[in-house]
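Trainee: This is what each chain is made of:
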Amino acid sequence: MTVPALRFRNVAKAYRFFRLEPLDLELEPGQVLGLVGPNGAGKSTTIRLLMGLVQPDAGTVEVFGQSMAREAALAKQSVGYVADDMRLYNNATLAWHMEFMSTLYPRWDARYAAQLVERFNLHPEQHGRQLSRGEQMKALILLVLARHPRLIVLDEPTSGLDPVARHEVLNELMQVLKEEDRSILFSSHNTIDVERICDQIAFIDRGRLVDLRDKESFLERWRRLQLDVADGFAVPKLAGVVDQTVRGRTASVVTQAFDPELPLTYERLGARVHSVQRLSLEEIFVASVMASRAEGTR
Amino acid sequence: MHSSLTISQTDPRPLYLQVKEQIRHRVAIGEWAPGRELPSIRALAAAISVSVITIKRAYLELEREGVIVTRQGKGSFVAEGAELAPGLRTAELDEQLKTALRTARSIGLDADAVAERVRELAKGTES
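From first to last, the protein sequence lines are chains A and B.
Heads up: the first sequence begins at 1 in my numbering, then just goes up one per residue.
Heads up: the second sequence begins at 1 in my numbering, then just goes up one per residue.
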């Protein structure tokens, strides 16, 4: 049995205007978990709970088997955390920050840090206040990566980055995965990044975990079928169908339980399958959030 | 060696298929000879910035199709005789033809009619 990089058990948290429903979440070492959700869905709350920055009303949070409530200092040694509202000190240089981190973390890797400075096109002598949004983010990620944490937690790391900076950051994150026991959790509403680099994906909406599974099964289970139907044909609602619309002689069906038999089933029912399309993660995300909301209001 | 693989954002095929097709193509044209070691799953994932699970799936399917073999603890290699595997050269074409057949069926054309269309179109491209 391997110890999960992180584990939430029944974690709940209520604020005046927001409630995180009891959440179970687990990440195996060596994997990348993407937390996807609209603004205000609970992504940042989840991450703050993980980092021990807020305490849950109920449930337990563990990092590599260590309780965030009782062993936070120990647990945090293995975690590197960057959020998009963090900044370097305005009046201190990047070099000063690097020096400071090396005194805090015994595993600080000065050589790797120097390489990252090169690769990210940063300048150690620059002060915090001189850095652009993208440079800030790259500098913060550098300060975390050079500690070699076993778990890297990033809250919206690519938001506000230009395409080149985003590319640099994602490439560097992927290098971490060459080592088998290192894991990444990152939240994003950029589903293209998530679709590309994540192994596991969690959809969160309105404080609720809508779905959590590995990326490949996410993409395999969802399809859109375009059907040609006769006038007045009533398309039966099959299990797993989250949305279907009929306009004249064409029907569009979105399913989250696709199997290769499904087109044949529709043909047997009298429809003609015009096309079977895969969905992008973004389409899947929107469709499953809408379906989950519709269910919630029923 | 593995940086020669590329991922296209405008390619409608899923990422694992893109990876799989490119490896299959290199084996089919003999660029990757039998016995050649493939990059490890994690090394390839890092090199082309694609999730580990995606590369794993591509390797698993290539293994199932007999294009590569994986030896526990040693890595993955191009299978002996992989370049002779039936259908290896035509696998990509077959996929596209299947799509064409589906479209044909939806407008009421059978396989013979499709073959006829293909011959007609081939004449057009040759002249």
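Among these hints, one or two may not hold up.
Calculated cross-link-like contacts (lysine-lysine; reagent style BS3-like; alpha-carbon spacing at most 25 Å) [to be verified]:
1) 178(A) / 123(B)
2) 178(A) / 74(B)
3) 76(A) / 178(A)
4) 98(B) / 74(B)
5) 56(B) / 74(B)
Source of the hints: derived by calculation from the structure; they are not laboratory data.
Remember, it's a predicted structure, so these values are computed and weren't measured experimentally.
Trainee: Please verify whether residue 178(A) and residue 123(B) have alpha carbons no more than 25 Å apart.
Mentor: At roughly 51 Å apart (the allowed maximum being 25 Å), residue 123(B) and residue 178(A) break the hint.
Trainee: Sort out whether residue 178(A) lies within 25 Å of residue 76(A), counting only the CA atoms.
Mentor: holds, 22 Å
Trainee: Does the alpha-carbon distance linking residue 56(B) and residue 74(B) stay inside the 25 Å limit?
Mentor: holds, 15 Å
Trainee: Quickly compare the C-alpha distance for residue 178(A) and residue 74(B) to 25 Å and report which way the hint goes.
Mentor: holds, 16 Å
Trainee: With a cut-off of 25 Å on the C-alpha distance, tell me whether residue 98(B) and residue 74(B) pass.
Mentor: violated, 37 Å
In summary, the numbered hints that this structure violates are 1 and 4.
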